[in-house]
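Enquirer: Take a look at the letters that make up each chain.
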Amino acid sequence: MHKTPLLDKLESGPWPSFIKDLKRVAKRKKSVADLLGVLERSYKDKITHWKHGGIVGVLGYGSGIIGRYTDLPEEFPGVEHFHTVRVNQPSGWFYTTKALRELCDIWDEHGSSLLNVHGSTGDMIFLGTTTDQLEPCFAKLTAKGWDLGGSGSAMRSPSCCVGMARCEWSCYDTMDLCYEATQHFQFEMHRPSFPYKFKIKCSGCPNDCVAAVARADMSVIGVWKDDIRIDKAAVKAYAGGELKPRGGGSPYAKLDIKADVTDLCPTACMNYDGKTLKIDNKNCNHCMHCISLMPMALRPGTATGATLLLGSHAPILEGAQMSWVIVPFMEMEHPYDEFKELVGNITEWWSEHGKNRERVGELMLRLGMREFLKGVGLEPVPQTVKTPRANPFFFWHQEDFDAEAKGRKYIK
Amino acid sequence: MAERVTDIGPPKYDKFLPPVIKDNYGKWKYHEILEPGVLMHVAESGAKIFSVRGGSGRLVTTDFIKDVCDLADKFCDGYLRFTSRNNVEFLLTDNSKIAGVKAGMKKLGIPIGATGHSVSNIVHTQGWVHCHTPAIDASGIVKAVMDDLFEYFGSHKLPAQVRIALACCLNMCGAVHCSDIAILGIHRTAPKVNHERLRHLCEIPTTIASCPTGAIRPHPDKNIKSVVINEPRCMYCGNCYTMCPALPVFDAEKGGVALLVGGKVSNSKTPPMFSKLAVPYLPNNPPLWPETVKAIRKILTKYAEGANKWERVGEWVERIGWEKFFEVCDIPFTFQHIDDYRWAYDTYRTSMHFKF
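In order, the protein sequence lines correspond to chains A and B. Quick note on numbering that gives the first Met the number 0: the first sequence kicks off at 0 and runs consecutively. Quick note on numbering that gives the first Met the number 0: the second sequence kicks off at 0 and runs consecutively.
With the rest of the complex left out, here is chain A:
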């Protein structure tokens, strides 16, 4: 074991200490002892000690493994190779202990015994192994029914919120869509063939518990089209203080329905006269605020599906983007043919026109929404924009005049 005076300071305090945890394994694994050594050096030097890049993998796949080598191999030979294996997680991150123990046994045998549970995209991360262990590790994983997740310019592992498994607000079966999309796009996940990465995330309602709007090129967010269901007795119980707001998760003991709910409704479509709660559902923008505050009184409607938003990515290269609406409502029924076809059309359009390392959201801005919508066969609808354009620099094409002559407002 290397001396780690700086890291040792992260062993105290109430939050679970990764150093304490790693030290347990460092006793039996040279690689982890050396990882602590490298990390201590980084803490001293204030700089990373991992070499640039690293291309390793398993036969048949172009993605799933992140190669990594330390720049101090003589001092820390245990992490000369320290590759990451992305293991595709089950929908909603549900496990049995049997499944987790099987994964641990494989990783204890073939890797460092370190994990990230989970990586931000959703994968179970096996953190640290050598090149020669990749194939045997992969063989054991597939024998137990596990496959690798995505990396590189490929479809990445889709992920989803807990959805219908344990939430009363889920407007479609997020776990099933996530699983079906993952299976449908296996080829695209394992063999990078896109201009850059592409992520799918599935949230059951506009609370967006997997942050789909910010972290997925294709963000699928559940929504309803009909009326919010109201339980009048429960509304009364909230008003009387018998029921606590937000399921009891706030510092506030009693709900003031007017001040806390109706006055904060972003569309002012609610009214509470001290007795009856009324919602003008035609003007509701399904933000979830009233439902989140009164989960026993209010529920989403029953005509449910999802909104599809496209384009989010982190700042590189053109600045961060959040996804924006491209399909205001799509029914989400197994086996999701319409969804799969649209994603196929989008990735095909992007693969054809995208530049090297250009996310689909950047391509949409570069070529314009019109080219995108036409390219993937979608119509212009007002829900796609926050406001119409303010500048007068708009184009007319011959096809617009043709459509006009036929009495249509846009081409189809």
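Think of the hints as simulated: they come from the structure by calculation, not from any bench. A couple of the hints might just be wrong.
[Claimed, not checked] Here are the simulated BS3-like pairs of lysine-lysine, each with C-alpha atoms no more than 25 Å apart in a straight line:
no. : chain 1 : residue 1 : chain 2 : residue 2
1   : B       : Lys275    : B       : Lys308
2   : B       : Lys323    : A       : Lys281
3   : A       : Lys243    : B       : Lys156
4   : B       : Lys28     : A       : Lys235
5   : A       : Lys274    : A       : Lys243
6   : B       : Lys156    : B       : Lys323
7   : B       : Lys308    : A       : Lys253
Starting from the known structure of chain A, fit chain B onto it as the hints suggest.
Expert: Chain B only, in chain A's frame:
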């Protein structure tokens, strides 16, 4: 390639669901948060599932996972899950076993909380543990910040939930661009060009194309197959290093932490928001990053004092105005705060609506 199994995808989720979830799938009626960290979901049928949520370091060992499995075997019939913020949840139908789960978690050092108006787990990245482009560490800063804010993890005392995220460079893996408070690793010096290595290791056109500000061009001397960097145009994003190993951008002393605030992803009341720059630079100070920890506590405390009920950090700041945010948090406003990238104009104040 004989006997090779490929393209099987992950196991189907229904293999791992507790019977009560299978029976009531899509038929949940409401939920309650019984106490910080303990959720109860009630189905139309009247069936109940209890979830006890606990914090994890995210970077864990198989020893930790096996400890967690022992606990789930003892009290939860072997069922558990992890959340989108990397917390662990023990799932059980018998509420008399909640006390046992909680005692077991306490013994393992797993803090109970992360529900309702709390500071839940910090979504974070690889840092010096495994990445080659970080400006800061991830796990160490997260541990230091969570130790300091621990009282907020297992309680519901904030005006709304507060999401903290960390990214060790501005690739922003994770949720930094959309969190209430975000910790971001930044460089402050231009990359050093290693001409000798560059000609062997890098593809020059993709390296040039990787620069958001167009600061990279081919070396004027055609015999030197390399690039030059126009340093006044470089804002140290490090993306050229991602493409080209001969352009290291690290500077141990000048690199550090920036803090962003006011982002969110939910649609509740207000649309999703990006986080915005609050503190342009704090020193990279392992192992405990005291300046970062202190600055975050100050922002969180001022928010907790000043925000209305149900107001997220971004909603609070937009209501009081950014000029007031800097005033109450006692953060100096600098040249760095003013956007000067492409669509910067949208961030300037084209009105008389401001406070002195």
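Enquirer: Going through the earlier hints one by one, which of them does the structure break, listed in rising order?
Expert: Structure breaks hint 2 only.
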